[in-house]
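Engineer: Line by line, the protein sequences are chains A and B.
With the UniProt record's numbering applied, the first sequence closes on residue 556, and no number is skipped along the way.
With the UniProt record's numbering applied, the second sequence closes on residue 556, and no number is skipped along the way.
Hints listed in this document are in silico derivations from the structure and should not be mistaken for laboratory results.
Even for Gly, the Cβ is constructed at its ideal location relative to N, Cα and C.
Where hints are given, some of them may not hold.
If the Cβ cut is set under 10 Å, some of the chain B residues that face chain A in the computed set are [stated by the list, open to error]:
# : residue
1 : GLU340
2 : ARG399
3 : ASP451
4 : ILE458
5 : HIS465
6 : TRP483
7 : THR548
Number of protein chains: 2
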Amino acid sequence: MSSDRLIYLPLGGAGEIGMNCYVFGYGPEDKERLILVDLGVTFPDMDGSPGVDLIMPDISWLEQRKDRLEAIFITHAHEDHVGAVGHLYERLGAPVHARAFTANIARGKLAEYGLSDKVVRTTSAWPETVQAGPFSVGFLPISHSIPESSGLVIDTPAGRVIHTGDFKLDKSPIVGEAYDPDLWGSVAKDGVKALICDSTNVFTPVAGRSESSIGSEIEALVEEASGMVVATTFASNVARVKTLAEAGERAGRSICLMGRAMRRMIEASITTGVLSDFPKVVPVEDARSIPRENLMLLVTGSQGERRAASAQLANGKYNGITLKEGDLFLFSSKTIPGNERGVIRIMNQFSQMGVDVVDDSAGRYHVSGHANRPDLVEMHKLVHAEMVIPMHGEHRHLREHAKLAQSNGYTSTIAVNGTMLDLTGHAPKVCGFVETGRTYLDGSVKIGAMDGIVRDRIRMALNGHILVTLILDEDNEALGDPWCELRGLAETGTSNAPLVDCLEEDLSQFIGRADRKTMMDDDKLETALKKAVRQTAQSEIGKKPEVTVVISRLVA
Amino acid sequence: MSSDRLIYLPLGGAGEIGMNCYVFGYGPEDKERLILVDLGVTFPDMDGSPGVDLIMPDISWLEQRKDRLEAIFITHAHEDHVGAVGHLYERLGAPVHARAFTANIARGKLAEYGLSDKVVRTTSAWPETVQAGPFSVGFLPISHSIPESSGLVIDTPAGRVIHTGDFKLDKSPIVGEAYDPDLWGSVAKDGVKALICDSTNVFTPVAGRSESSIGSEIEALVEEASGMVVATTFASNVARVKTLAEAGERAGRSICLMGRAMRRMIEASITTGVLSDFPKVVPVEDARSIPRENLMLLVTGSQGERRAASAQLANGKYNGITLKEGDLFLFSSKTIPGNERGVIRIMNQFSQMGVDVVDDSAGRYHVSGHANRPDLVEMHKLVHAEMVIPMHGEHRHLREHAKLAQSNGYTSTIAVNGTMLDLTGHAPKVCGFVETGRTYLDGSVKIGAMDGIVRDRIRMALNGHILVTLILDEDNEALGDPWCELRGLAETGTSNAPLVDCLEEDLSQFIGRADRKTMMDDDKLETALKKAVRQTAQSEIGKKPEVTVVISRLVA
Chain A
1 MSSDRLIYLP
11 LGGAGEIGMN
21 CYVFGYGPED
31 KERLILVDLG
41 VTFPDMDGSP
51 GVDLIMPDIS
61 WLEQRKDRLE
71 AIFITHAHED
81 HVGAVGHLYE
91 RLGAPVHARA
101 FTANIARGKL
111 AEYGLSDKVV
121 RTTSAWPETV
131 QAGPFSVGFL
141 PISHSIPESS
151 GLVIDTPAGR
161 VIHTGDFKLD
171 KSPIVGEAYD
181 PDLWGSVAKD
191 GVKALICDST
201 NVFTPVAGRS
211 ESSIGSEIEA
221 LVEEASGMVV
231 ATTFASNVAR
241 VKTLAEAGER
251 AGRSICLMGR
261 AMRRMIEASI
271 TTGVLSDFPK
281 VVPVEDARSI
291 PRENLMLLVT
301 GSQGERRAAS
311 AQLANGKYNG
321 ITLKEGDLFL
331 FSSKTIPGNE
341 RGVIRIMNQF
351 SQMGVDVVDD
361 SAGRYHVSGH
371 ANRPDLVEMH
381 KLVHAEMVIP
391 MHGEHRHLRE
401 HAKLAQSNGY
411 TSTIAVNGTM
421 LDLTGHAPKV
431 CGFVETGRTY
441 LDGSVKIGAM
451 DGIVRDRIRM
461 ALNGHILVTL
471 ILDEDNEALG
481 DPWCELRGLA
491 ETGTSNAPLV
501 DCLEEDLSQF
511 IGRADRKTMM
521 DDDKLETALK
531 KAVRQTAQSE
541 IGKKPEVTVV
551 ISRLVA
Chain B
1 MSSDRLIYLP
11 LGGAGEIGMN
21 CYVFGYGPED
31 KERLILVDLG
41 VTFPDMDGSP
51 GVDLIMPDIS
61 WLEQRKDRLE
71 AIFITHAHED
81 HVGAVGHLYE
91 RLGAPVHARA
101 FTANIARGKL
111 AEYGLSDKVV
121 RTTSAWPETV
131 QAGPFSVGFL
141 PISHSIPESS
151 GLVIDTPAGR
161 VIHTGDFKLD
171 KSPIVGEAYD
181 PDLWGSVAKD
191 GVKALICDST
201 NVFTPVAGRS
211 ESSIGSEIEA
221 LVEEASGMVV
231 ATTFASNVAR
241 VKTLAEAGER
251 AGRSICLMGR
261 AMRRMIEASI
271 TTGVLSDFPK
281 VVPVEDARSI
291 PRENLMLLVT
301 GSQGERRAAS
311 AQLANGKYNG
321 ITLKEGDLFL
331 FSSKTIPGNE
341 RGVIRIMNQF
351 SQMGVDVVDD
361 SAGRYHVSGH
371 ANRPDLVEMH
381 KLVHAEMVIP
391 MHGEHRHLRE
401 HAKLAQSNGY
411 TSTIAVNGTM
421 LDLTGHAPKV
431 CGFVETGRTY
441 LDGSVKIGAM
451 DGIVRDRIRM
461 ALNGHILVTL
471 ILDEDNEALG
481 DPWCELRGLA
491 ETGTSNAPLV
501 DCLEEDLSQF
511 IGRADRKTMM
521 DDDKLETALK
531 KAVRQTAQSE
541 IGKKPEVTVV
551 ISRLVA
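Just chain A, same shape as in the assembly:
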């Protein structure tokens, strides 16, 4: 047994914030039995992944070893932790374990693929544990920004590992379990080999604030409002939704939830018992007839998502409701980097309607769900593990977190996606590198990020596209002139003649001059035509477009 080892391998989430996917293994080298922690998604953008629907980790490595995979554990129900369960489950096939609320959400994801409820097994909180091969895994409650978030206590023959999941140190989180240092201390007291730890807020120098600290500010704001009040937050932040709803209720307003995700999360919370005293809500149909000063909407779309309720309201009308001068729109949220443009667009649309927009720029209406720098130090000390392995962060977060741990005397290292660490000894050792990447859900199919498909789309977006068709007869003579079609390009260039005419003229001249060898060889001819097209385009409009050439040869 001395050759058995304990390994850690992030396939997603380490080197980025999103698509969390962490493998642990125990056993002889290359025969380790495996468990997976989290299987999340990240979101596409126009810059790098236009037209893509969702981004998830490339799990090829794990799929090739699925016979060694014992189980999948989901720490909490955020999309970046549970979002890929439906899309990737069939490639892995292991049972999924989660606490009740998370399990409810995971089952919904599987149902979209027609997969059975039974795939997901509901587990109670620590001290209950799940046996998974050589692993014994328990869900250790911790506060975050969604109900029932949990760290994982992962017991192995090589020792205990604690994987924090996403967490903050909140002793009064409104919904769900509070941070309980005694519980965490008791789990850690007999020694912990490794703490795998959330790095998101390592750059935030002050201690985090409790979810309960913003209730009175929100109440005061809603109390003062004279028109309709609309508030948006992350739909999964059930505590916040409750705080907002209670503020509305106290101000004598009827509460209406808008947006599928918002209703889904509240429903799951009530079904699973994590939420028991949510204010009464009115259906949308009734909301329309309630005077605006007596109404408060809680809506999806805090990140400016184009299809969410907030964007629809900003566009003018949603579910028969239109905002107007004197109404108030509250972003009880932060804008995730990269989403600024979308959020600002909505703010300006509301401004045009005369709606007052309030956001968290003064720090009054939102708190983060992640542990800040001093909170991380507290967690390091509480668990007092032999080593601290930063996860859930971009490279800069992981690096800063490792430095922080080291400065407090803990052994630490940076392990980005694909870095396999051997945790068996007293310090982490890099024991391999695995090729990782991203899988795109594109329409209904999955494609690789490096397949060149999305790269081609980006090129068309940057350069435009020119199509050339040419028909040749059996003697390799052109039948008629080459034909060009432009897409995404200026119609007229510097010569003031239509670009398409310039192109066809230049190509005709080229064909007229081309030797027999070129005319006989499709590849050669295509290359030459592309070059000619690019030259003409460059001189006419200063761009080198993407070019597709179709040569049709008629046979007698």
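Please build the complex by placing chain B on the supplied structure of chain A, with the hints as guidance.
Structural biologist: Below, chain B without anything else, positioned relative to chain A:
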């Protein structure tokens, strides 16, 4: 003369931050003599303007009235104020007036189009004035984040207008003139009709800080550094570049400027006399042989621009210099909303190299160049104009600024791009709407934002592209099968057969079934083929691509 009126018409910059372009007119209705204040650009992004090089205001309205245009005044040399002068000058043809430093930059822009130096006339600061038809215009020095920024004193027969340009209230701006309340007060003392006022920082509740307030923090940081120090800021912020260079010099480091814009701005500052005591700089060739602990680079690329020096250094090497573990990279800048992804990418690249990245998240290494809310109040009171017209802001900034002015007893209104205001009376009156928009520089040609060209590119990026070619003989019979080419689409869909085969098969079947009427009619046939392609693609890959159909008819 009683029918003469004073008008104000923003063509850019009011309803956005960027591409400033403000028209003032005086005279009989529709015969007003005109002046233009600023002619700037804004920058494209993948979301809305992929492949575009620059965005500038649509000046069609002004171009159609160029015979009435007396002059163009440029308040300062930021790209969003002067950047379109080269690209649009020939469509307007009026003399350009600016102070020496701004004129130097403007001449450079014109030279790129082969336009004469003489187009730009250098003007001294107030009390010098330029006579332009019924207008007398003077440049009133004010502090900002570039040398020689000026407000404009615009005297008209209907009264005095003050256009602030971009400004902050900085009494020790390091480079250039300090904010001089006595000077501004003296100009305003006999009454001002309208204050056209910068709105950028209306949401920042505390008074702005002086450029001189961050020198000691920067010095301390550089002093402590042990490896190479690299700092980036906006190249045009000459005061900041000087502060950074002096911090390096005091720490015994040689200073090297990297990036064309950085060198261009320092050169223009020295040439025009606005900067006289800049530390000695070493050329890049010499920098390579200087020990890293004795070197400080000042580089372009504070916004993560892909081609700038900072991005090149992050990619590994630039001008023979490579950063490494223990070096320090300072962002002495703020990230403009929308640029977060690019900046974060660079930060993570540096993190991977072991370089410590310091930014302004703690507010120590950057100050804004714009007046904050209390500063705006001070300016309103100092000028004490009959009306305050907010400019240089998105709608939300203009609205907040108008409310702020009103709350202090000033008449105000929101005038976004295209809104013509009559300022003749005691309150602004909307007297017309002009169609405005954006002109894209795309390669070497200018296209309209609404021409559909960029829309087509975005569609290709989102949906991919399928090309169909079909050859018909003189009897309208297909010669061979339809041919499909994909670009930016998955090769295989749900049926596991190549998508291109599925498409060609379905199209062949369609052709086989098509009636003679369809086969004879190109439009009908094209529409039908597009529909068939989209249906097959939707069922195979869940996407509806852009489709180009080329039908070639052979004639006998």
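Engineer: Now tell me, hint by hint, if it's right for this structure.
Structural biologist: Evaluation of the provided hints:
Evaluation of the GLU340(B) hint against chain A yields a held restraint, the C-beta minimum of about 4 Å falling below 10 Å. Annotation: ARG399(B) was flagged as interfacial toward chain A, and the flag holds, the nearest CB pair being 5 Å apart, inside 10 Å. For ASP451(B), the shortest C-beta to C-beta distance to chain A is roughly 8 Å, which falls under 10 Å, so the interface hint holds. The interface hint given for ILE458(B) holds, since its Cβ lies 6 Å from the closest Cβ of chain A, which is under the 10 Å cut-off.
The restraint placing HIS465(B) at the interface with chain A holds, with a minimum CB-CB distance near 6 Å, inside the 10 Å limit. This hint holds: TRP483(B) has a C-beta 6 Å from the nearest C-beta of chain A, less than the 10 Å allowed. The beta carbon of THR548(B) is positioned within 10 Å of a beta carbon in chain A (closest approach about 5 Å), and the interface hint is therefore held.
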